[in-house]
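Chains as they are written, first to last, in this note's numbering: chain A, 1 to 310; chain B, 1001 to 1276.
All the pointers check out, no bait thrown in.
Simulated crosslink set (DSBU-like; lysine-lysine; CA at most 30 Å straight-line):
#: 1; chain 1: A; residue 1: Lys22; chain 2: B; residue 2: Lys1224
#: 2; chain 1: B; residue 1: Lys1264; chain 2: B; residue 2: Lys1246
#: 3; chain 1: A; residue 1: Lys299; chain 2: A; residue 2: Lys214
#: 4; chain 1: A; residue 1: Lys22; chain 2: B; residue 2: Lys1163
#: 5; chain 1: A; residue 1: Lys22; chain 2: B; residue 2: Lys1104
#: 6; chain 1: A; residue 1: Lys19; chain 2: B; residue 2: Lys1163
#: 7; chain 1: B; residue 1: Lys1104; chain 2: A; residue 2: Lys153
#: 8; chain 1: A; residue 1: Lys156; chain 2: B; residue 2: Lys1104
#: 9; chain 1: A; residue 1: Lys19; chain 2: B; residue 2: Lys1130
#: 10; chain 1: A; residue 1: Lys22; chain 2: B; residue 2: Lys1221
Treat the hints as calculated values from the structure; they're not laboratory data.
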Amino acid sequence: MNKISNRQVICEVLLENAKTDKDIVVLCSDSRGSASMTPFFNTYPEQSVETGIAEQDLVGISAGLAKVGKKPYAFSPASFVSTRSYEQAKVDCAYSDTNVKLIGISGGVSYGALGMSHHSAQDIAAFAAIPNMRVYLPSDRFQTRCLFEALLKDQKTAYIRVGRNPVEDVYEEGNVPFEMDKATVLCEGDDVAIVATGEMVKPAKDAAALLLEKGIHATVLDMYCVKPLDKEAVIKAAQNAKAVITVEEHSPFGGLGSMVSQVVGAACPRKVVNLALPDAPVITGTSKEVFEYYGLDAKGIAKTAEEILK
Amino acid sequence: MENLKALSYELRRDVMDIIMAGKAGHIGGDMSVMETLVSLYFHTMNISPENQDDPDRDMLVMSKGHCVESLYAVLAKKGFFPLEQVLKEYSQFGSHFIGHPNNKLPGIEMNSGSLGHGLPVAVGMAIGEKMDGRSARVYVVMGDGELAEGSVWEGAMSATQYKLDNLTAIVDRNRLQISGTTEEVMHQDSVEERFKAFGWNVLSVAGNDVEAMNAAFDEAKAFKGAPTLIVANTTKGCGSPVMENKASWHHHVPTQEEYDQIMKDLKEREEAALHE
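Pulled out of the complex, with its shape left as it was, chain A reads as follows (with noise of 0.2 Å):
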């Protein structure tokens, strides 16, 4: 099992840039621990902003910072800037056109007991109905370090979405196939699609890999770019299957499923199932138990599949 959670590889390449690049600026709200940024404010105090707790100042401040020419990136549990400091993304960041780049920690229900006010079901929907926002979950750790790099080359803001334990590689060291705002095709089958984002492509993998056990051949998707959503993709996928499923760790409602169901039904009408959490405070467990318990594993969405191609 990966111990490298992908907060982590976010601080190694921050750490590795800043070394010539000193307009890269990291910006934490009290929150550095959390979002593995310690040896970043160690190694560049120069180049690290602290705000306190105050979420509404850490993005308002980033969008200064990037305004006078810096390349900001600031992290807070993605709980409290997707919705504390939304309207600062929505017009500091977004409407103002700053190269701000926003970093949700401990996405969806890494803080499983914490309860929902430490829970970010919500920010897919939230950020993506951001005009000129993109958003970004990233699959594993290796996939983490190319959406990284790639965010370093471009000027423009995006939020970005980790967990905040490590979790099972999707690829392998040095065969990480990646395009900047492309889905990555995971296998492909023409009975089912399974289009997921963030830590639910790992188990949309493995559920592909039960489902072959059984005859049933699944194309997997990493939309790991949700928006700009792949659309090509998706409608490719969709459009060799019978039916289509989405997964992801967020609110039923305005997420991955919502968008995906909005370009199939358009483009290439078939059943679309949305996998997601519930509408309703979600059930206290660790990510493992919550992700078990509303069908989000590798079983479930299996089980999801054979039901529907029944």
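Given the coordinates of chain A, work out where chain B should sit on it, guided by the hints.
For chain B alone, kept in the frame of chain A given last:
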């Protein structure tokens, strides 16, 4: 040197024409904040259409963005765009001259509109200028009603944490907001003491006296170790008794009769200033 007192009244007449052309605008605050903007653009700030892309330029964030008509009048006078263009396009279909600042227009650094955003953004700019060792200064203009927004105080805290003596904030203290006096709606007295408690250098001046504003900005520039807040004690609707100190003129569009009287009053004050 140009007569900035007279200029303030001349530009108020441009504001009147902008509001009449667009049939919209926040006239009360436009009139109270005018000397602040005139002092910033014609005395204090190193900014002009020629150096608007220079990293060393001074920057303004108009956090009380609803008073954009006064900013349009000042930027037009400064040469960022023609006044005729503002009069033709303000609030019209497809125009960038909308009712709040947006940075698709020359001379405007940041989009605003929702209150309480400007100070944190200005703090970020000021931190960035210091990181790069530039001597550029950052200015942010807030309303007094705006101070009820919690994000203002988050920004106020971080400005002193980072000892941003390259940052000057101005509160247009006209003591009125849309529903009544600030003290009735949500008490702000004493703005001075509150910011002092946060560690700011605070100056309290006659905000519709452009020379007093010039002097305050000069003093702020010279102060080291902390950001400066200038409490500009102003009169909402300043320029004519028709609109002065009336909360109902927060965003009232004058009738033709009111317009004629206000323009006459403004012209008289401008003439008087020219002959002082």
